[in-house]
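Enquirer: Take a look at the letters that make up each chain.
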Amino acid sequence: MAQVSSSLKSENDAMRLRRADNLKARKLNQNIWYVLLWIGSLVTVAILLAVIGYVMAEGLKVVNWEFLTTPPRGGLSGEGGISTTIVTTLYLVGLTLVFATPLGLGAAIFLVEYAGDQSINNKFIAGLIQFAHFGVETLAGIPSIIFGLFGYALFVSTLSLGWSLLSASLAGACLILPTIIRTTEEALLTVPRDLRQGSLALGATKWQTLTKVVLPAAMPGIVTGVILSVGRIISETAVFFVTLGGSYRMPTSIMDSGRTMALHLYYLAMDTRAFDKAMGTAAILIITIIIINLVIDQISRRLTRGVRGMQ
Amino acid sequence: MTDHDLETPFKTKLETKDYSLYYGKFKALNEISIKIPEKQVTALIGPSGCGKSTFLRTFNRMNDLIPGVSVTGSALMDGMDIFGLDVVNLRQNVGMVFQKPNPFPKSIFDNVAYGPRVNGLRDRERIHEIVERSLRGAALWDEVKDDLNKSGLALSGGQQQRLCIARALAVQPTVILMDEPAASLDPIATLRIEELIHRLAENYTIVIVTHNMQQAGRVSDYTAFFYTDETRTGQLVEFDRTHVIFTRPKDPRTEQYITGRFG
Ligand SMILES: Nc1ncnc2c1ncn2[C@@H]1O[C@H](COP(=O)(O)OP(=O)(O)O)[C@@H](O)[C@H]1O
Ligand SMILES: [Mg+2]
Numbered sequence: 176m177a178q179v180s181s182s183l184k185s186e187n188d189a190m191r192l193r194r195a196d197n198l199k200a201r202k203l204n205q206n207i208w209y210v211l212l213w214i215g216s217l218v219t220v221a222i223l224l225a226v227i228g229y230v231m232a233e234g235l236k237v238v239n240w241e242f243l244t245t246p247p248r249g250g251l252s253g254e255g256g257i258s259t260t261i262v263t264t265l266y267l268v269g270l271t272l273v274f275a276t277p278l279g280l281g282a283a284i285f286l287v288e289y290a291g292d293q294s295i296n297n298k299f300i301a302g303l304i305q306f307a308h309f310g311v312e313t314l315a316g317i318p319s320i321i322f323g324l325f326g327y328a329l330f331v332s333t334l335s336l337g338w339s340l341l342s343a344s345l346a347g348a349c350l351i352l353p354t355i356i357r358t359t360e361e362a363l364l365t366v367p368r369d370l371r372q373g374s375l376a377l378g379a380t381k382w383q384t385l386t387k388v389v390l391p392a393a394m395p396g397i398v399t400g401v402i403l404s405v406g407r408i409i410s411e412t413a414v415f416f417v418t419l420g421g422s423y424r425m426p427t428s429i430m431d432s433g434r435t436m437a438l439h440l441y442y443l444a445m446d447t448r449a450f451d452k453a454m455g456t457a458a459i460l461i462i463t464i465i466i467i468n469l470v471i472d473q474i475s476r477r478l479t480r481g482v483r484g485m486q
Numbered sequence: 003m004t005d006h007d008l009e010t011p012f013k014t015k016l017e018t019k020d021y022s023l024y025y026g027k028f029k030a031l032n033e034i035s036i037k038i039p040e041k042q043v044t045a046l047i048g049p050s051g052c053g054k055s056t057f058l059r060t061f062n063r064m065n066d067l068i069p070g071v072s073v074t075g076s077a078l079m080d081g082m083d084i085f086g087l088d089v090v091n092l093r094q095n096v097g098m099v100f101q102k103p104n105p106f107p108k109s110i111f112d113n114v115a116y117g118p119r120v121n122g123l124r125d126r127e128r129i130h131e132i133v134e135r136s137l138r139g140a141a142l143w144d145e146v147k148d149d150l151n152k153s154g155l156a157l158s159g160g161q162q163q164r165l166c167i168a169r170a171l172a173v174q175p176t177v178i179l180m181d182e183p184a185a186s187l188d189p190i191a192t193l194r195i196e197e198l199i200h201r202l203a204e205n206y207t208i209v210i211v212t213h214n215m216q217q218a219g220r221v222s223d224y225t226a227f228f229y230t231d232e233t234r235t236g237q238l239v240e241f242d243r244t245h246v247i248f249t250r251p252k253d254p255r256t257e258q259y260i261t262g263r264f265g
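Protein sequence lines, in the order shown, are assigned to chains A and B. Sequential numbering of the first sequence, starting at 176, is according to my numbering. Sequential numbering of the second sequence, starting at 3, is according to my numbering.
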């Protein structure tokens, strides 16, 4: 009896030991993976910092007040500053948003808030919505030069708008519409049904519910879409290469040709030997994107005060 | 079901006659006839899925929002056909409190001011007055009067639910519908809501759906017992004064339910 129990005991011990071994092995395994993940994220951040740091370090050497406030001088030397390209970039971003935001928001609101309800009983509308979604998904994945070609064919030549801010912003709007529609749709879909019902139950109309409850609640998501789009416009070259022309003069109307910072950078890098100026332009480009993100983020915080459950 | 057509000593505020409701082809309610008395608390009880919420939503026509719903029979408020009224008007008259507190992602003040504002009130002083009166009415004023600009979402669950009650009071309804208003709250918050319901019954007609027998016993003057069988179609089994339902129900199904054999 005593023997049995002692052998049992030792067996237990052995098992406990094995389990402990096993535990050690599992912990080791886990730690190895942690380290690998850590290294992965460190490398990612390092690469990012290296790119930005390099561009900033090289670029800021040539950045000074004069660089920011004089227009490019043109020609192969790449002399001059980038003042007109900054202005053109801002114009183009503004004008593109003017076209794309109302259209994109409108389409998304219609798809989610109105067609969505009707599609339950109406096969035709349900099919239409599916087709619209398919179209939006497809457009989002198309290389941007195709939007450029389309913009060139339709706006520049067929509608005779020429190389101009107008043609470029219309083509740019086509480029970012899918993004705006998709992000807005997702933002609207995350607004709880309870909120809509609460509003309707107080005697609000559907429209009031949309504008006073649903849109404000969806605003952070919508703004994210707009920020993504702004970044896309600022960094886009292919579309504007064929729709905006390349004039480095200051545009005075929306029918003028122009050159964005990204385009200028492209010209400098490809057609001139002014590599330092290209770096300087790149640095300003990055800074512009950061500033615009911050500004839009601030605006959205204002608009959505209280949404996040705090002051 | 005319045998449950109980005549109360009170004026009838809400009424249905042979009222049936269909979700598409599915019959969710079968010929409900009931007279809900004014300025009393009427509880709707019964096992889950028997159509209590569906029936409650009749009175502010929230069922209109569900595609494919159709009804037969009639539903009246103050003797007038509910489906003939302007729906926005109706919903100003018939407030609703939902199962999960659903304050808007806005400040406490804006939550309560929402109803008056969408109904066209612009006068800031009037709005202030209404907000204060409604928050007092919902027994929330003392807790929030110093931070009306705080987000409604920053309140506790029980406070959020009282905020939703204040929000409903602000449009000056005569009826308040409550669909399991305390289902997501802790016992203390539940008790506060129940006290509040008691107080509100002095001025409002209250219809409350509840899962909780004790709660029905505590807060209501009248109780309607809904039931459903294999057909899943809800029917009104018995409607009477709450103490009658709880002590000597006429229908054996009511008795079984009350004594805890169901639900
Ligand atoms: N929007 C809806 N569409 C289809 N059927 C529904 C809908 N809402 C509820 N029902 C059905 O109607 C019946 C009653 O539901 P409900 O009124 O929510 O019951 P209760 O509130 O008593 O639990 C259930 O069988 C439920 O599945
Ligand atoms: Mg229910």
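A couple of the hints might just be wrong.
Examples of chain A residues lying across from chain B (beta carbon under 10 angstroms, computed) [unchecked claim]: (1) D196; (2) A200; (3) D369; (4) T384.
Taking lysine to aspartate or glutamate pairs in the EDC-like style, the calculated list, with each CA pair at most 16 angstroms apart, reads [claimed, not checked]: (5) A:K381 - B:E204; (6) B:K102 - A:D369; (7) A:K381 - B:D66; (8) B:K13 - B:D148; (9) B:K13 - B:D223.
Just so you have them, the derived chain A footprint on chain B, three or more residues with Cβ under 8 angstroms [unchecked claim]: (10) 60–68; (11) 157–171.
Simulated from the structure, these hints should not be mistaken for lab results. All C-beta atoms, glycine included, are put in the ideal place defined by N, C-alpha and C.
Enquirer: Does each hint fit the structure? Answer for all of them.
Expert: The hints, checked one at a time:
1. Hint status for A:D196 relative to chain B: violated, with the closest Cβ pair at about 47 angstroms, above 10 angstroms.
2. Given hint, A:A200 at the interface with chain B, is violated; its Cβ is 45 angstroms from that chain's nearest Cβ, farther than 10 angstroms.
3. Checking A:D369 against chain B: minimum C-beta separation of about 4 angstroms stays under 10 angstroms; hint holds.
4. For A:T384, the shortest C-beta to C-beta distance to chain B is roughly 8 angstroms, which falls under 10 angstroms, so the interface hint holds.
5. This hinted pair does not check out: A:K381 and B:E204 have alpha carbons roughly 32 angstroms apart, beyond 16 angstroms.
6. The suggested pairing of B:K102 with A:D369 holds, with an alpha-carbon distance near 8 angstroms, which does not exceed 16 angstroms.
7. A distance of roughly 12 angstroms separates the Cα atoms of A:K381 and B:D66; the hinted pair therefore holds under the 16 angstroms criterion.
8. Distance restraint check for B:K13 and B:D148: the Cα-Cα separation of roughly 41 angstroms exceeds the 16 angstroms cut-off, and the hinted pair is therefore not satisfied.
9. Proximity of B:K13 to B:D223 is assessed by CA-CA distance (about 14 angstroms); at most 16 angstroms being required, the pair is judged to hold.
10. For the region 60–68 of chain B, the proposed coverage by chain A is satisfied: 3 residues have a C-beta within less than 8 angstroms of a C-beta in that chain, meeting the threshold of three.
11. Coverage of the region 157–171 of chain B by chain A holds. Counting CB-CB distances below 8 angstroms, 3 residues qualify, and the rule asks for three or more.
Checked against the numbered hints given earlier, this structure breaks hints 1, 2, 5, 8; the rest are met.
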